[in-house]
Amino acid sequence: MRRGLSDNKSLSPPFPFLPLHIAALQIDSPFQIQIPSFFPVKMRDFGSCINEYAVHISDSYSCATHYTNSSCISTSPIPSVQNAVVCVYRAVLSTGKSIPIRVSWCRTAASDGLTITFGDDPSLAAAFKLNANTRLFRKRKGSKSMEFDRSRVDVFWDLSTARYCAGPEPADGYYVLVMIDSELCLSLGDMAEAAAERKVKTGGAHAAKCGLVSRQEHFSGNALYATKAKFCDAGTTHDVIISCYGDDETAAVKHHPILSVTVDKKLVIRVKRLQWNFRGNHTIFVDGLLVDLMWDVHGWFYNSGPGFAVFMFRTRSGIDSRLWLEEKLQRKKKDEDRVDFSFLIYGSRST
Numbered sequence: 001m002r003r004g005l006s007d008n009k010s011l012s013p014p015f016p017f018l019p020l021h022i023a024a025l026q027i028d029s030p031f032q033i034q035i036p037s038f039f040p041v042k043m044r045d046f047g048s049c050i051n052e053y054a055v056h057i058s059d060s061y062s063c064a065t066h067y068t069n070s071s072c073i074s075t076s077p078i079p080s081v082q083n084a085v086v087c088v089y090r091a092v093l094s095t096g097k098s099i100p101i102r103v104s105w106c107r108t109a110a111s112d113g114l115t116i117t118f119g120d121d122p123s124l125a126a127a128f129k130l131n132a133n134t135r136l137f138r139k140r141k142g143s144k145s146m147e148f149d150r151s152r153v154d155v156f157w158d159l160s161t162a163r164y165c166a167g168p169e170p171a172d173g174y175y176v177l178v179m180i181d182s183e184l185c186l187s188l189g190d191m192a193e194a195a196a197e198r199k200v201k202t203g204g205a206h207a208a209k210c211g212l213v214s215r216q217e218h219f220s221g222n223a224l225y226a227t228k229a230k231f232c233d234a235g236t237t238h239d240v241i242i243s244c245y246g247d248d249e250t251a252a253v254k255h256h257p258i259l260s261v262t263v264d265k266k267l268v269i270r271v272k273r274l275q276w277n278f279r280g281n282h283t284i285f286v287d288g289l290l291v292d293l294m295w296d297v298h299g300w301f302y303n304s305g306p307g308f309a310v311f312m313f314r315t316r317s318g319i320d321s322r323l324w325l326e327e328k329l330q331r332k333k334k335d336e337d338r339v340d341f342s343f344l345i346y347g348s349r350s351t
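Residue numbers (the working numbering): 1 to 351.
Quick caveat, the hints were computed from the structure, so don't treat them as lab data. Hints should not be assumed to be uniformly reliable.
Calculated cross-link-like contacts (lysine to aspartate or glutamate; reagent style DMTMM-like; alpha-carbon spacing at most 20 Å) [stated by the list, open to error]:
1) Lys209 x Glu197
2) Lys228 x Glu147
3) Lys141 x Asp158
4) Lys144 x Asp154
5) Lys141 x Asp190
6) Lys209 x Asp233
7) Lys129 x Asp149
8) Lys230 x Asp172
9) Lys228 x Asp190
10) Lys144 x Asp181
11) Lys199 x Glu147
12) Lys230 x Asp292
13) Lys228 x Asp239
14) Lys228 x Asp172
15) Lys230 x Asp340
16) Lys265 x Asp239
17) Lys230 x Asp287
18) Lys144 x Asp158
19) Lys97 x Asp190
20) Lys141 x Asp172
Please put together the full structure from these sequences, using the hints given.
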């Protein structure tokens, strides 16, 4: 007789670690995952989590080594279309003043656009917008000044030679600079360094500290998401592919979809019977960092309309075994300057 959820001693909320095979996580039974709850639990020691649950992404572990071709992601579906990228930064001025900066690149059937928002409170936040339907965006190069929370904000941009790939965010040939109270807080684009040398005044000017807090990518279309991600400033760029089609388009797969996630063509999780195992988490190593991978595809199966799914990769700031939520709640005041990074993929499934 199978054990129920309450009998599974190996799982811990709020995002339980999951049983896995040698090369990658594989979930076959609907009783192998627990719906998240948010009651505090006693976590296991770091060593036991590494030995039993974590997966080390390296060249020696590939999906072809430990699985047949049916375990790999099918390339038959057309990848989803990326229609928005949102990056959240936190700038800390030399005075100690902290200002969140939200940069949004979006693409619709009618226009492309860039929005930069300052502050946490939407009702009080200052916003800078470039839209293809306005004369300002057609200029594609210029500057703008504004006031926010008793600080002067200057934005400089040049998108006149920007080149785009499939998404709304430029690939190269552009720069965007943000200065607050004459301190350079944010520089984006391959031309930003040269532009900053021309724009930033020398002679005792302080450089603000700025860290990337989160990156969100929004997709629509098929349930196949292909993107690139960096999990730390000093790390390399990784190819990330998420698919819920499994190995083919047979009726069995449609009735019992499989979630597959690969990083640099290496399978890190494979979840069967996704309509039951629609939420969960897993831990991987990337660039020497512990990264919690969490998924929630409940909207794909139980919401009317196309439905949405969320996939999150979140780095941990310490070499311990605590889950990200518990770590956030227990973080001490002296650790507030440390910036954790979250990479999120939002998928709207239309098929």
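*Do the alpha carbons of lysine 230 and aspartate 292 lie within 20 Å of each other, as the hint requires?*
holds, 14 Å
*Proposed proximity, aspartate 149 with lysine 129 (alpha carbon, max 20 Å)*: holds, 18 Å
_Between the alpha carbons of lysine 144 and aspartate 154, is the straight-line distance 20 Å or under?_
holds, 6 Å
*CA of lysine 97 to CA of aspartate 190, is that 20 Å or under?*
The given pair, whose Cα atoms are some 28 Å apart, is violated under the 20 Å limit.
*asked:* So if I understand the rule, the pair passes when the alpha-carbon distance is 20 Å or less; does lysine 228 with aspartate 239 pass?
replied: holds, 5 Å
*20 Å Cα cutoff - pair lysine 141, aspartate 190*: Distance ~15 Å between lysine 141 and aspartate 190 Cα, so the pair holds.
*Take a quick look at whether lysine 141 and aspartate 158 sit within 20 Å of each other, Cα to Cα.*
Judged against 20 Å, a Cα distance of about 4 Å means the pair holds.
_lysine 230 paired with aspartate 172 [C-alpha distance capped at 20 Å]_ = holds, 17 Å
*Pair hint lysine 141 and aspartate 172, alpha-carbon separation not exceeding 20 Å*: Holds, because 15 Å separates the two Cα atoms, which is no more than 20 Å.
*Does the alpha-carbon distance linking lysine 144 and aspartate 158 stay inside the 20 Å limit?*
It holds: about 12 Å lies between the C-alpha atoms, which stays within 20 Å.
_Distance restraint between lysine 209 and aspartate 233, which requires alpha-carbon spacing of 20 Å or less_ = holds, 14 Å
*Is the straight-line distance between the alpha-carbon of lysine 144 and that of aspartate 181 20 Å or less?*
holds, 14 Å
Hint compliance for this structure: hints 2, 19 are not met, and every other hint is.
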